[in-house]
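Protein chains: 2
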Amino acid sequence: MIRHFEEELNELKEKLLYMGSLVETMIHYAIKSLVERNEGLIEEVSKHEDEVNKIQIEIDDKCLKLLALQQPTAIDLRFITSAMKINSDLERMGDQAINITQAVVNLLKEPPLKPLIDIPRMAEIVRKMVKDSLDAFVKKDADLAKSVLLKDDEVDGLKDQIFRELLTYMMADSKSITRALDLILISRHLERIGDHSTNISEDVIFMVLGKDIRHHKEG
Amino acid sequence: MIRHFEEELNELKEKLLYMGSLVETMIHYAIKSLVERNEGLIEEVSKHEDEVNKIQIEIDDKCLKLLALQQPTAIDLRFITSAMKINSDLERMGDQAINITQAVVNLLKEPPLKPLIDIPRMAEIVRKMVKDSLDAFVKKDADLAKSVLLKDDEVDGLKDQIFRELLTYMMADSKSITRALDLILISRHLERIGDHSTNISEDVIFMVLGKDIRHHKEG
Numbered sequence: 016m017i018r019h020f021e022e023e024l025n026e027l028k029e030k031l032l033y034m035g036s037l038v039e040t041m042i043h044y045a046i047k048s049l050v051e052r053n054e055g056l057i058e059e060v061s062k063h064e065d066e067v068n069k070i071q072i073e074i075d076d077k078c079l080k081l082l083a084l085q086q087p088t089a090i091d092l093r094f095i096t097s098a099m100k101i102n103s104d105l106e107r108m109g110d111q112a113i114n115i116t117q118a119v120v121n122l123l124k125e126p127p128l129k130p131l132i133d134i135p136r137m138a139e140i141v142r143k144m145v146k147d148s149l150d151a152f153v154k155k156d157a158d159l160a161k162s163v164l165l166k167d168d169e170v171d172g173l174k175d176q177i178f179r180e181l182l183t184y185m186m187a188d189s190k191s192i193t194r195a196l197d198l199i200l201i202s203r204h205l206e207r208i209g210d211h212s213t214n215i216s217e218d219v220i221f222m223v224l225g226k227d228i229r230h231h232k233e234g
Numbered sequence: 016m017i018r019h020f021e022e023e024l025n026e027l028k029e030k031l032l033y034m035g036s037l038v039e040t041m042i043h044y045a046i047k048s049l050v051e052r053n054e055g056l057i058e059e060v061s062k063h064e065d066e067v068n069k070i071q072i073e074i075d076d077k078c079l080k081l082l083a084l085q086q087p088t089a090i091d092l093r094f095i096t097s098a099m100k101i102n103s104d105l106e107r108m109g110d111q112a113i114n115i116t117q118a119v120v121n122l123l124k125e126p127p128l129k130p131l132i133d134i135p136r137m138a139e140i141v142r143k144m145v146k147d148s149l150d151a152f153v154k155k156d157a158d159l160a161k162s163v164l165l166k167d168d169e170v171d172g173l174k175d176q177i178f179r180e181l182l183t184y185m186m187a188d189s190k191s192i193t194r195a196l197d198l199i200l201i202s203r204h205l206e207r208i209g210d211h212s213t214n215i216s217e218d219v220i221f222m223v224l225g226k227d228i229r230h231h232k233e234g
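For the protein sequence lines, the chains are A and B, in the order given. One gets this note's numbering by counting positions in the first sequence from 1 and adding 15 to each. One gets this note's numbering by counting positions in the second sequence from 1 and adding 15 to each.
Possibly wrong hints are sitting among the right ones.
What the simulated footprint calls covered on chain B by chain A, stretch by stretch (three residues with Cβ under 8 Å from a Cβ of chain A suffice, anywhere in the stretch; the number is not a length) [stated by the list, open to error]:
id, region
1, 19-27
2, 47-56
3, 85-94
4, 97-104
5, 114-127
Short, incomplete list of chain A residues facing chain B, as computed with Cβ under 8 Å [unchecked claim]:
id, residue
6, 19
7, 50
8, 86
9, 90
10, 96
11, 186
It should be emphasised that the hints constitute simulated quantities derived from the structure, not laboratory data. In this text the structure is predicted, and so the values were computed from the model without any measurement. By construction, the Cβ of each residue, glycine as well, lies at the ideal position given by its N, Cα and C atoms.
Using the sequences and the hints given, assemble the complete structure.
Here it is as structure tokens:
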């Protein structure tokens, strides 16, 4: 028996929001493990990744079933194909959070290089981008999606600032090089998570307005 | 009038292969511009990106039309939804090639740090991964897709080797730090391109065997 289409779509939305909240938590714990120098939190990130991977497969299955059985058209079709892309983006954000924890493992073996201000700030902006891009998707809210695109510049600015500051540490003292490199890589992983949120937001705008804003900077 | 489904699918395959060849060329030129210190090639990479972006939108449109008008099921459905994901992967590989050229622009402003051996080698492996993952897709060849997954370890090994070598340069001479950093970032961008090929190959294996090998290391 085919269940009511709306009901199936709602279930899909809920699964995506749940996956998004898992990814947000992974980012939060990954950065918290760095700031608080708490290795126990790294394990939490791994546990969340197992769950993300499980949900990813469930979401893909659900989308394929909806396409095959309900044969949707117009915005429903775009909603489901977008959900499949967003599903990949979320999973890869989770991978980036894991990459962050790998750098944290190195960093916790040495004394802190400097007080961390910009990286936690960057992480908070990026987390908000993840949340907003997904909310924009389930609410079909193109304006909220556009607000995410604007935050990307802020993230890039922070990334450059972090890079310049850490470069001065590396130049001044070769003993700081490996730690500075790991912090630079963490900022790059956060940037990639922001990029995935941007990709999601572009999909949302396409889905809602039916127009493709990718590769048109003026948006 | 709805054209014959097979004909439409073949057109989709050809477009994806064309997009793949553009991305391969972007990677090749980006690394060639570095090795030969030829700034003119950087512009070629940008031109190719414009074309990649155009084709990306065409492929997405084509997939949506096929889903809406032909309402495919089983392997045809998975083929089209995979094509949409692969389309995103290819476009992001192009972005990584652009990121490489941004590092090259910095590097060409200074004298070469060292003869480059491992980065061009890594680039060649990654290019082959791009080609093989796409060939595996259009030929529905799960074995070829699996061979791509195996190359990922080789890429990771080269990335680590490049990192360790450049770290010794940075430690020995602070004047080498910015150049070494740019070379490290280039190796990371190549690694990301390899990751996208891995993602494509996993999609192919899922499509062909109908089983999801994501998140099962033993493959």
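Hint check:
1. Here's how the region 19-27 of chain B fares: 0 of its residues keep a CB closer than 8 Å to some CB of chain A, so the rule of at least three is not met and the hint is violated.
2. A stretch counts as covered by a chain when three or more of its residues have a beta carbon under 8 Å from one of that chain; for the region 47-56 of chain B and chain A the count is 0, and the coverage is violated.
3. Judged by the Cβ-Cβ criterion of 8 Å, the region 85-94 of chain B is covered by chain A as claimed, because 5 of its residues qualify and three suffice.
4. Interface restraint, the region 97-104 of chain B with chain A: holds (3 residues with C-beta to C-beta distance below 8 Å; minimum three).
5. With a threshold of 8 Å between beta carbons, the proposed coverage of the region 114-127 of chain B by chain A is violated, since 0 of its residues qualify and at least three are required.
6. Using the Cβ-Cβ criterion of 8 Å, the hint placing residue 19 of chain A at the interface with chain B is not satisfied: the shortest such distance is roughly 19 Å.
7. For residue 50 of chain A, the shortest C-beta to C-beta distance to chain B is roughly 24 Å, which exceeds 8 Å, and the interface hint is violated.
8. At a threshold of 8 Å, the smallest CB-CB gap from residue 86 of chain A to chain B is about 4 Å, leaving the interface hint in force.
9. Below 8 Å, beta-carbon pairs count as interface contacts, and residue 90 of chain A has none with chain B, the closest being about 11 Å; its hint is therefore violated.
10. Hint on residue 96 of chain A holds. Least Cβ distance to chain B is approximately 6 Å, under the 8 Å limit.
11. At about 5 Å, the closest approach between the beta carbon of residue 186 of chain A and any beta carbon in chain B falls short of 8 Å, and the interface hint on this residue holds.
Violated hints, in rising order: 1, 2, 5, 6, 7 and 9; the structure is consistent with all others.
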